[in-house]
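2 protein chains.
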Amino acid sequence: MKFDLNRATEILRQTPYTLSRMLEDLSPEWTESKGNSENWSPYDVIGHLIHGEETDWIPRAEIILALGENRTFVPYDRIAQFQKSKKTSLADLLTEFAHARNNNIEKLGRFELTPEQLALKGMHPELGEVNLGQLISTWVVHDLTHIRQIVSVLAKKYTENVGVWREYLSILQK
Amino acid sequence: MKFDLNRATEILRQTPYTLSRMLEDLSPEWTESKGNSENWSPYDVIGHLIHGEETDWIPRAEIILALGENRTFVPYDRIAQFQKSKKTSLADLLTEFAHARNNNIEKLGRFELTPEQLALKGMHPELGEVNLGQLISTWVVHDLTHIRQIVSVLAKKYTENVGVWREYLSILQK
Chain U
927 MKFDLNRATE ILRQTPYTLS RMLEDLSPEW TESKGNSENW SPYDVIGHLI HGEETDWIPR
987 AEIILALGEN RTFVPYDRIA QFQKSKKTSL ADLLTEFAHA RNNNIEKLGR FELTPEQLAL
1047 KGMHPELGEV NLGQLISTWV VHDLTHIRQI VSVLAKKYTE NVGVWREYLS ILQK
Chain Y
927 MKFDLNRATE ILRQTPYTLS RMLEDLSPEW TESKGNSENW SPYDVIGHLI HGEETDWIPR
987 AEIILALGEN RTFVPYDRIA QFQKSKKTSL ADLLTEFAHA RNNNIEKLGR FELTPEQLAL
1047 KGMHPELGEV NLGQLISTWV VHDLTHIRQI VSVLAKKYTE NVGVWREYLS ILQK
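In order, the protein sequence lines correspond to chains U and Y. FYI, in this note's numbering the residues of the first sequence are 927 to 1100. FYI, in this note's numbering the residues of the second sequence are 927 to 1100.
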């Protein structure tokens, strides 16, 4: 499937609502953070997604579009959410994520990106040269990766409860 | 996390709405079936989930609860959805799944299952002895497995578009 800004935006738009629908009626036993940066809970993942809206995707697009001399991105702190206060409820985090995402989708629309702009380059601090189209594609796949992570975390909590069915359930294999 | 019927039902209840929210505004390019039983599309997965509601989970629970002599389950046809007409829209399939699931959650509630009943045994045609609690747990994990499958299928469509970021995105690794 070729990159298309409208198709990409369809995925970016659904993510906060999909996650709200998935998580908002679950008991804390399913979702709450253990503060373990090696083993994220659904709560931790939402914090990570909010941090990405604030510091990663659109700020990096702006670095590329500013056409400056130095287009190296600021490294992204993957575990910033663990330094934040845990007093925010999951419901509030989900709302915050939806607001931040909707603002960023609006900004993305206001850029009115041309194919030439989508080919503009930036410099990833570790991976090297990337372009704006790849940045937006990665934003999309990053969303899907974290939805996948959340359902895997939920499933693994029931590993012991499925008995011999475990063998059939790939999500419990690793 | 120990098995608990209310906690399990929370997951069963969210699945159709989560999937509707995820898929209902996506273009067919993301979701449509290629009729390939080795490579399921989101459309195919919803068909599979509906078939499970009709022939697998509750019918197997009823076999166990009937306390009959022979409690061997009917084998489950994992690709039944490919024999069905493809004329149904994805939106209609999602509605059909939500109806079927809600009916089954109601049935599950009407069973008013006791801990003793949750320990009752059935016979899986391949895996052997299982109990009712394990059947319901597997229903839960099966849902999560297929949400995971759908986001993986969506993500892989953008594999070529992320450039060097591919290395960082575990969802694209296999």
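By construction, these hints were calculated from the structure, which means they are not laboratory data. Accuracy of the hints is not assured; some may be wrong.
No distinction is drawn between identical chains; accordingly, a pair holds when it is met within one copy or between any pair of copies.
Quick list of in silico lysine-lysine cross-link-like pairs, BS3-like style, CA-CA up to 27 Å [as the list claims (entries may be wrong)]:
1. K1083 <-> K1033
2. K1013 <-> K1082
3. K1083 <-> K1013
4. K1033 <-> K1013
5. K1047 <-> K960
6. K1012 <-> K1082
7. K1013 <-> K1047
8. K928 <-> K960
All figures in this text were calculated on a predicted structure; none of them were measured in a lab.
Checked hints:
no.	hint	in the structure
1	K1083 <-> K1033	between (38 Å within a copy, 25 Å between copies)
2	K1013 <-> K1082	within (26 Å within a copy, 36 Å between copies)
3	K1083 <-> K1013	within (24 Å within a copy, 38 Å between copies)
4	K1033 <-> K1013	neither (29 Å within a copy, 38 Å between copies)
5	K1047 <-> K960	neither (39 Å within a copy, 35 Å between copies)
6	K1012 <-> K1082	within (23 Å within a copy, 34 Å between copies)
7	K1013 <-> K1047	neither (40 Å within a copy, 44 Å between copies)
8	K928 <-> K960	between (40 Å within a copy, 17 Å between copies)
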